[in-house]
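**Q** If you're matching them up, the sequences are chains A and B in order.
Counting in UniProt numbering, the first sequence runs from 1 upward without gaps.
Counting in UniProt numbering, the second sequence runs from 1 upward without gaps.
One should not assume that every hint holds.
To be verified - Below, a list of computed lysine-lysine pairs in the DSSO-like style, where the Cα atoms sit at most 30 Å apart:
#, chain 1, residue 1, chain 2, residue 2
1, A, Lys-76, B, Lys-68
2, A, Lys-12, B, Lys-282
3, B, Lys-275, B, Lys-132
Because the hints were derived from the structure by calculation, they are not lab data.
Just so we're clear, the structure is a prediction, and the values are computed from it rather than from any experiment.
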Amino acid sequence: MAANFWASSHYKQLMEQEEVDVVHSPDKEKGLTLDEFKLIKMHMANYIAKLAQSVKVRQRVVATAVTYMRRVYTRKSMSEYDPRLVAPTCLYLASKAEESTVQARLLVFYIKKQYNDEKYRYEIKDILEMEMKILEALNYYLVVYHPYRPLSQLLQDAGMTEMTQLSWGLVNDTYKMDLILIYSPYMIALACIYIATVLKEKDTTAWFEELRVDMNVVKNISMEILDFYDSQKILNEERISAAINKLALKP
Amino acid sequence: MSEADTHSIKLVADRYLKREVLGEGTYGVVYKAIDTQTGQVVAIKKIRIGQQKEGVNFTALREIKLLKELKDPNIIQLIDAFPHKGNLHLVFEFMESDLEAVIRDRNIVLSPADIKSYIQMTLKGLAFCHKKWVLHRDMKPNNLLIGADGQLKLADFGLARIFGSPDRRFTHQVFARWYRAPELLFGTKQYGSGVDVWAAACIFAELLLRRPFLQGSTDIDQLGKIFTAFGTPKPSQWPDMVFLPDYVEYTYLPAPALRSLFPTASDDCLDLLAKMFTYDPKARISVQQALEHRYFSSIPAPTRPALLPRPPRKGDSLNNRPLDLNANEGPTVLSPPRKSRRVMPQRERLEGHGHQGDKVDDHLYDVRQAASGNTGKSESMPMSVDFSVFGSRPPPRPTLNR
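The whole structure should be built from the sequences, with the hints applied where relevant.
**A** Here it is, written out as structure tokens:
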């Protein structure tokens with residue numbers, strides 16, 4: 001699979017961090033900071049994962065949905081595209097694209113169950129309308145590659161399958177960041193393996209050397225992930241809702 | 001919302017000049033249009049959004065997803081997509097004909113070099129799919145479209161899927177029955193690119209025979225037809241067969257000589273056919289290997305696409321406003337006069353034109369040219385029976401055997 005990633009639309013769409021970290025002007029005008037922008041995206045990634053648990057879809061669908069959501073916000077503002085509608089719609093679209101369709105009415109049901117907050121409530125027709133807009137925002141590119149497959153292959157190759165659980169969890173957490181828009185899934189997988197082996201104090205220098213990958217990139221990604229875990233400690237619900245409220249979306 | 005609407009209306013008006021309806025596709029109407037930005041003739045599929053039920057059609061979404069990744073001269077190009085009045089529209093390059101029309105057209109003679117060219121283009125398109133880990137799963141002659149330049153392109157990716165994870169289970173209800181590989185007919189859920197190879201082999205055989213090769217009426221009958229043609233497989237030939245979900249034992253039939261089924265085929269051709277029709281999918285030749293087979297390097301060389309015999313354009317019979325088309329009147333110019341020799345439909349009209357007795361054939365040919373040149377309504381004489389004249393669905397394919 002890795003071989004054809006390099007010929008894929010996903011590869012061609014990879015961006016620089018600076019390009020991803022742009023708060024669109026309608027949001028900026030409302031005073032949304034870059035930190036808050038990232039915070040909302042992270043919150044929406046969590047929202048997608050939670051919804052996905054209720055409707056029981058594979059991790060891969062969650063990962064694709066989050067990638068769609070993050071791609072949308074490299075092109076569209078949150079003022080124009082309400083994250084609370086974009087998130088479930090991305091899950092809906094991803095479930096179709098990954099061949100495990102979830103019915104829109106089921107999503108609507110679980111949204112209502114999960115959130116008492118009126119502002120999260122959307123109807124089927126809202127989701128279907130947004131689906132078309134998201135397709136357009138994605139420029140109809142729907143195939144997304146993820147670190148999960150390279151992760152399993154690499155761990156097998158390294159004879160470290162006992163690391164699967166830890167590194168898999170790390171990969172899941174990378175979707176709380178924008179890494180999937182910036183780095184190849186293969187490199188993200190390697191960074192997660194690297195962190196896992198450092199945590200478990202395993203010496204894998206020889207194995208990494210044999211792979212002939214740019215270890216600087218692997219270490220940079222690893223640092224980003226670790227920084228993210230540090231920053232998460234000061235997270236709370238109030239900051240998230242304060243950020244979303246700035247957007248003043250629903251009356 | 002209203003902003004997006006006006007924008008998309010402009011897009012259609014600005015960019016695409018709508019023309020006549022071409023037919024009913026898998027999930028909506030297909031119409032012809034001119035892309036004013038490029039001057040290119042395009043086919044636009046309007047995808048009906050099911051009454052506020054499940055959004056963008058699942059099959060259409062599959063096709064969009066895969067075609068956005070598959071850019072190859074032998075795969076249909078998805079040029080654009082846009083929402084308009086709440087429906088999604090897909091813009092494809094316009095294709096004049098398809099391989100089924102070629103095979104069915106009794107006025108077309110396919111030389112060994114022509115057959116080689118058509119099957120080579122089929123395999124090239126398929127090889128690209130497989131390289132990208134995409135199974136087509138609906139290979140059949142009328143999904144192989146032919147462009148104005150003679151290039152054959154794989155189309156209709158509504159059943160296609162990405163494969164590659166060995167553990168994924170797929171449905172075996174894919175392909176039109178006549179093109180279904182034996183492992184599918186025995187109900188396998190774990191299959192690979194071999195299913196497309198089998199279907200391509202059926203198309204290859206159909207090009208040689210000019211009729212569908214194995215025309216089963218049920219799945220059981222289909223297997224019967226396959227075993228009659230190639231002999232009942234022995235477990236030694238295909239060890240996994242007996243473990244397949246729907247496996248049933250068939251009475252033993254010996255394999256007849258392949259030569260007896262394809263009397264006109266060359267030795268190289270028969271050798272490749274046999275390798276593509278191998279029972280065990282694990283032993284079946286891959287598309288890439290098939291393209292490297294000596295059949296494609298031995299003489300005759302495959303005909304250049306532009307020189308291939310083709311039936312009249314699909315649009316001709318339905319086309320009421322031919323102004324954009326007359327500029328490059330393709331097939332009639334390129335095809336040899338012999339194509340005109342047995343014009344069947346609307347003979348009276350032709351004779352009314354002043355039939356001169358001798359040199360009938362050449363005369364008919366001239367009339368056809370004239371007719372397409374001067375009538376405002378292009379009721380141009382089809383060179384052969386194009387069934388699209390009679391409605392959206394062609395009548396059952398002619399069965400000339402038995």
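**Q** Which hint numbers doesn't this structure obey?
**A** Violated hint (a single one): 2; every other hint is consistent with the structure.
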